[in-house]
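For this one, chain A is given, so just place chain B on it according to the hints.
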Amino acid sequence: MTIQKTSLHNEHLILKAKMAPFAGFDMPLQYTSVKEEVQAVRTSAGIFDVSHMGEFLVEGMDAVAFVDFLITNDFTNAQDRKAVYSPLCRDNGTVIDDLIAYKLGHQRVLICVNASNIKKDWDWMSSHLSGFNCTLKNLSDDYSLLALQGPKAESLLRELGLLEIKEFPYYSIMETSFQNEAIIIARTGYTGEDGFEIFSGHHFAQKLWRDLISLGAKPCGLAARDVLRLEVCYPLYGHELSDDVTPLDSGLSWTVKLNKALFIGKQALLDYLPKFQLIKLSLDKGIPREGYEVLDSNARVIGKVTSGTMSVVTGKGIAMALVSKEKNPTDKKYFINIRNTNYEAQLHTKAFINGGHK
Amino acid sequence: MAHNIPTDLKYTKDHEWTKIDGNIVTIGITDFAQSSLGDIVFVELPEIGKNLKAHETFGVVESIKSVSDLFSPVSGSVVEINNDLPASPELCNAEPYSGAWMIKIKLSDSSELNSLLSANDYENFLSSL
Chain A
1090 MTIQKTSLHN EHLILKAKMA PFAGFDMPLQ YTSVKEEVQA VRTSAGIFDV SHMGEFLVEG
1150 MDAVAFVDFL ITNDFTNAQD RKAVYSPLCR DNGTVIDDLI AYKLGHQRVL ICVNASNIKK
1210 DWDWMSSHLS GFNCTLKNLS DDYSLLALQG PKAESLLREL GLLEIKEFPY YSIMETSFQN
1270 EAIIIARTGY TGEDGFEIFS GHHFAQKLWR DLISLGAKPC GLAARDVLRL EVCYPLYGHE
1330 LSDDVTPLDS GLSWTVKLNK ALFIGKQALL DYLPKFQLIK LSLDKGIPRE GYEVLDSNAR
1390 VIGKVTSGTM SVVTGKGIAM ALVSKEKNPT DKKYFINIRN TNYEAQLHTK AFINGGHK
Chain B
-3 MAHNIPTDLK YTKDHEWTKI DGNIVTIGIT DFAQSSLGDI VFVELPEIGK NLKAHETFGV
57 VESIKSVSDL FSPVSGSVVE INNDLPASPE LCNAEPYSGA WMIKIKLSDS SELNSLLSAN
117 DYENFLSSL
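As you go down the protein sequences, you meet chains A and B in turn.
Residues 1090 to 1447 (the working numbering) are what the first sequence spells out, left to right.
Residues -3 to 125 (the working numbering) are what the second sequence spells out, left to right.
Here chain A stands alone, though its shape is the one from the complex:
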């Protein structure tokens, strides 16, 4: 398979980004420094090219019912112009992907999915379409997607004239036009900060990218994005979520609405006893990495780190880990094995930092 490029690829090269393949795309890993990029998003504003992500559009009488049937979270009762985060599960409850469904209207739904899962999601969703009076389109190649994130994101968008309405709450969406371009602006993101995701045509995205940078948004790469999401404990498909676990194993029971009408995976999830528990751990010394073993005080292996890094904000090693529910110790003491030494970790019940989103 040839590697794909987003419409902003040339912008990344001009900025001398360190590039790396990700989900079939040649993507910017970092521009200047991961630390500086994370700090920019926490204290000011950063801009990310996330055009590799997939977009599907569902339209028709049954658009909302179809999406509600596909996902585990409640979409039927979401208000118009609201966004809903949800896992997408198989009949047996395992996770195909996690996504955000945006209710553009009661007959129009935009779904944003992970780049690595576009084909898998498309095949799954289109195979369940029969019986629903709606169409499903894959617009992944038509849209560019920019994420503007950070406490100054709103003022930058307003300065640019892109955000004119007064009330635009977190996790909502609007369709608008700007300089004759139809665009979709969502107040969502993957950093824990306030911010926006802007779906547009490619040419518009290139101009928006440059305009936002000239107003002071710092270009940020995928490495910073990973630290940002991990500091606020957002799961990442392929790490905390996978084909082998259900949302009930990965701390996402809040997204599984077992009381709602029939949806794919409902029966399996009703009957399911979780095998794993997702825990949050930090270390004073050392950096936990994906795959490192998690042990109890008797040095018995009870699970594995699913994502780990050094937190830029706290300066500590931070991790999410899936541990066996059965072996989860009652004394709540956890150790992480790094290069054959077991380091005692601190258990966190909340995310490592509070993001600033409203």
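The hints are simulated quantities; they were obtained by calculation from the structure and are not laboratory data.
Where a beta carbon is used, it is the ideal one built from N, C-alpha and C, also for glycine.
Only part of the chain B face toward chain A is listed, based on derived beta-carbon distances under 10 angstroms: (1) S32; (2) G34; (3) F38; (4) E40; (5) V56; (6) E58; (7) S59; (8) K61; (9) S62; (10) V63; (11) P82; (12) E86; (13) N89.
Structure of chain B alone, referenced to chain A:
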């Protein structure tokens, strides 16, 4: 991008530099190494007195994204370590050839020095990558 390669040092293909002073060899990572790794956030060094064989792992440097082993270019025993580094790993980015020296080894076989690269050889090696 041009990288700083001081001519008074010797190098390895693992992107480490050595400074030879009699039978004491000081070791660190090169400017190319630090710039490839990006922000270095963790350094682990051996204990003083540890005996190392040439090419044996003596520690690690970690950036936010990656873990890289450090290899001893020569055999010998560790006589000194840079105690500033574990607390200030960012020195590796700022001063790879001075403040971020890592360990000093008392050499046990001086013939191993012959396999080290000159600044010129290392520069040629970098341009071949």
